[in-house]
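Enquirer: Sequence order for the protein chains is A and B.
Note that the numbering used here has the first sequence beginning at 1, numbered continuously upward.
Note that the numbering used here has the second sequence beginning at 1, numbered continuously upward.
Calculated from the structure, these hints are not laboratory results.
One should not assume that every hint holds.
Heads up, simulated DSBU-like pairs for lysine-lysine below, C-alpha to C-alpha not over 30 Å straight-line [claimed, not checked]:
no.: 1; chain 1: B; residue 1: LYS88; chain 2: A; residue 2: LYS80
no.: 2; chain 1: B; residue 1: LYS79; chain 2: B; residue 2: LYS320
no.: 3; chain 1: B; residue 1: LYS310; chain 2: B; residue 2: LYS199
no.: 4; chain 1: B; residue 1: LYS114; chain 2: B; residue 2: LYS84
no.: 5; chain 1: B; residue 1: LYS302; chain 2: B; residue 2: LYS79
no.: 6; chain 1: B; residue 1: LYS79; chain 2: A; residue 2: LYS80
no.: 7; chain 1: B; residue 1: LYS84; chain 2: B; residue 2: LYS376
no.: 8; chain 1: A; residue 1: LYS80; chain 2: B; residue 2: LYS341
no.: 9; chain 1: B; residue 1: LYS383; chain 2: A; residue 2: LYS80
no.: 10; chain 1: B; residue 1: LYS376; chain 2: B; residue 2: LYS199
no.: 11; chain 1: B; residue 1: LYS199; chain 2: B; residue 2: LYS302
no.: 12; chain 1: A; residue 1: LYS96; chain 2: A; residue 2: LYS80
no.: 13; chain 1: B; residue 1: LYS88; chain 2: B; residue 2: LYS311
no.: 14; chain 1: A; residue 1: LYS96; chain 2: A; residue 2: LYS150
no.: 15; chain 1: B; residue 1: LYS376; chain 2: A; residue 2: LYS80
Computed from the model, here is a short list of chain A residues facing chain B with C-beta under 10 Å [stated by the list, open to error]:
no.: 16; residue: LEU33
no.: 17; residue: PHE34
no.: 18; residue: ALA40
no.: 19; residue: TYR51
no.: 20; residue: GLY57
no.: 21; residue: LEU60
no.: 22; residue: ALA63
no.: 23; residue: LEU85
no.: 24; residue: VAL110
Note that the Cβ used here is the ideal one computed from N, Cα and C, for glycine as well.
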Amino acid sequence: MGVTSKLGNLGIVTTTLETAVNWGRTGAMWPLLFGLACCAIEMMSAQASDYDLSRFGMELNRASPRQSDLIIVAGRVTRKMAPVLRQLYDQMADPKWVISMGDCASCGGVYNNYAIVQGVDEIIPVDVYVAGCPPRPEQLIHGIMTLHEKIKAERIVHWAS
Amino acid sequence: MVTGIQSRETGTKAVWEGSLEELRGLVTERAMTGETMLLNMGPHHPSTHGVLRLLLELDGEQIVTCLPDIGFLHTGIEKNIEDKTYEKGVPLTDRMDYLSPMSNNMAFCLAVEKLAEVDVPERARIIRVICLELARIASHMVWLGTHALDMGAMSVFLYCFREREHILRIFEMISGQRMMGSYLRPGGVWRDLPPEFYKAVTDFITYFEPKVDDYEALLTRNPIWLDRTQGVGILEPEVALAWGVTGACLRGSGVNWDVRKAMPYSDYDTYDFDVPLGEHGDVYDRFLCRVQEVRQSVRILKQAMKRLPKKGPFRSDNRKFVPPPRRELGQSMEAVIHHFKLWTHGFDAPDEEVYVSLESPRGEIGCYLHGTGGNKPRRVHFKTPSFMHISALPVMSEGYLLADMIAIIGSVDIVLGDCDR
């Protein structure tokens, strides 16, 4: 019944739990709708018609951190914004990932001054850094693909830690 | 107690931990007794167009007071420019109003040109007009897309970004970067136009013109759109002038003020275009004004493309301000000296102060520049439209419903990078 009748003659597919879960995690990732500055506009371009992030199951941006599992820090993080960002990160449910988009978020960029946090990794752990000022949508998509690869390589023994 | 809770996981400080007493005088007495509700909106909110935080006092669903809290994107750009030579200041201005970087470049370049008395050849002025108008269209496309998205019209967003991509491709063609091109430089533009530019712009004009009708077909007589926008966020002309509101927000209230007409720069007085005006000063009239502005921009683009010669100077040949082209370096010792001097020291500008303003897509952007007599400015200050518009937000929103706040924020078209700098 059920699965066998629908699969017909395809037989049985075997896989490991790791692969199945990692496939599920990469296939429908919900990013947090979090735009800060210039990079947010390129992030919007990546989601709009020409670049179409929904090809990778990522068109659904959630405004609530509770419902999202990826935060794309798109833009310069100021000292005033830093606690807000940390709070948003803390509110996200595990498993969660972080992409630092653009030079300002990655290392402070051209703004080595009193106002800007010199790299968002001073506040939250970052999985993938995307360089560029601002990065092209292709670069962001490449960053996301890199994150997907990273997630697919995760092992079951590390999940609990 | 107004914003968020203390983070349990890490114990980091919440955004604001003040007491209600601190707000005495800013909100009404009714909020002190708990009769009205205080609601925090932002800085992380999908409809504040960036990192704006609003503290709203609500009586039921009605807004009693609105307190904008800015500075979440303060980057210290003005201070950073003070430590750079004049030409190196241009890339920093790109990142203020990141929806139309060309307008910021232009404001800074005009100020430097006025201070140092650099001349700009005519062809460069035409190229600048084309860039500025393309930037205006690109910026208005983002405004229209996000404004409509906030109000629930998803498809408009997708169409607008499709058109914007065409403009960004043209920008990439001329400057090598999609958004932050720093293409306009003191004395003209960075480099000559590539040969494919002419066809790309004329193709864009023929492609884009009928598309504006499509957006109007989607929105202008859409009953949901009318219900959400008409009679909402009314800004009386006198109030608008008193708050220093400029751009389409001011023209939506019926005040005829466009810097391109009033104080022409870059030969704008020789172009034939109209200034669209609204009547009621509500969200809908601001929408109509901006859509008409896009049509006028296309008109200016057409005229400029007709005028633009295929060959000619694109930058001043005053070697005291503009570095010589690369081919001259192998032949002329003087060119080598100028090249070295300009890329190490830059040029000197007198110890005087200048102020120029121009019409950016958001409104009047002004640049105040004070030289030192040396190669770096003493003070740079930008008068940016978004800052003025955020100050006027309380006047526009008080008495309207909370849901109208989204429409009002969308209609004034704020960019927080422009406001906080």
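Enquirer: Look at each hint and say if it fits the structure.
Expert: Now the hints, each set against the structure:
Restraint check: the Cα-Cα separation between LYS88 (chain B) and LYS80 (chain A) comes to about 27 Å, which is no more than 30 Å; the hinted pair holds. Under the criterion of a C-alpha separation no larger than 30 Å, the hint pairing LYS79 (chain B) with LYS320 (chain B) is consistent with the structure, at around 26 Å. About 11 Å separates the Cα atoms of LYS310 (chain B) and LYS199 (chain B), which keeps this hinted pair within 30 Å; it holds. With a C-alpha separation of about 18 Å, the suggested pairing of LYS114 (chain B) with LYS84 (chain B) holds against the 30 Å cut-off.
Between LYS302 (chain B) and LYS79 (chain B), the direct Cα distance comes to roughly 39 Å. Violation of the 30 Å bound is thereby established for this hinted pair. This hinted pair checks out: LYS79 (chain B) and LYS80 (chain A) have alpha carbons roughly 18 Å apart, not beyond 30 Å. Among the hinted pairs, LYS84 (chain B) with LYS376 (chain B) is consistent with the structure: their alpha-carbon atoms are about 6 Å apart, no more than 30 Å. Pair hint LYS80 (chain A) plus LYS341 (chain B) does not hold up; C-alpha atoms about 40 Å apart against a cutoff of 30 Å.
This hinted pair checks out: LYS383 (chain B) and LYS80 (chain A) have alpha carbons roughly 22 Å apart, not beyond 30 Å. A distance of roughly 39 Å separates the Cα atoms of LYS376 (chain B) and LYS199 (chain B); the hinted pair therefore is violated under the 30 Å criterion. Proximity of LYS199 (chain B) to LYS302 (chain B) is assessed by CA-CA distance (about 12 Å); at most 30 Å being required, the pair is judged to hold. Between LYS96 (chain A) and LYS80 (chain A), the direct Cα distance comes to roughly 23 Å. Compliance with the 30 Å bound is thereby established for this hinted pair.
Taken as a hint, the LYS88 (chain B) and LYS311 (chain B) pair is honoured in the structure, with Cα atoms around 27 Å apart against an allowance of 30 Å. A hinted pair counts as satisfied when its Cα atoms are at most 30 Å apart, and LYS96 (chain A) with LYS150 (chain A) qualifies at roughly 13 Å. Annotation: proposed proximity of LYS376 (chain B) to LYS80 (chain A) holds, straight-line Cα distance about 29 Å (limit 30 Å). Nearest Cβ of chain B to the Cβ of LEU33 (chain A): about 5 Å, under the 10 Å cut. The hint holds.
Against a cut-off of 10 Å between C-beta atoms, the interface hint on PHE34 (chain A) holds, since the closest Cβ of chain B lies about 6 Å away. Because the closest C-beta pair between ALA40 (chain A) and chain B is about 8 Å apart, less than 10 Å, the hint holds. Taking 10 Å as the C-beta cut-off, the interface hint given for TYR51 (chain A) holds, the closest approach to chain B being about 9 Å. Look at GLY57 (chain A): its Cβ only gets to about 18 Å from chain B, farther than 10 Å, so that hint breaks.
Taking 10 Å as the C-beta contact cut-off toward chain B, the hint placing LEU60 (chain A) at the interface is violated, the least distance being around 12 Å. Because the smallest distance between the Cβ of ALA63 (chain A) and any Cβ of chain B comes to about 5 Å, under 10 Å, the interface hint for this residue holds. Interface hint status for LEU85 (chain A): upheld, as the beta-carbon distance to the closest one in chain B is roughly 8 Å, under 10 Å. Because the smallest distance between the Cβ of VAL110 (chain A) and any Cβ of chain B comes to about 7 Å, under 10 Å, the interface hint for this residue holds.
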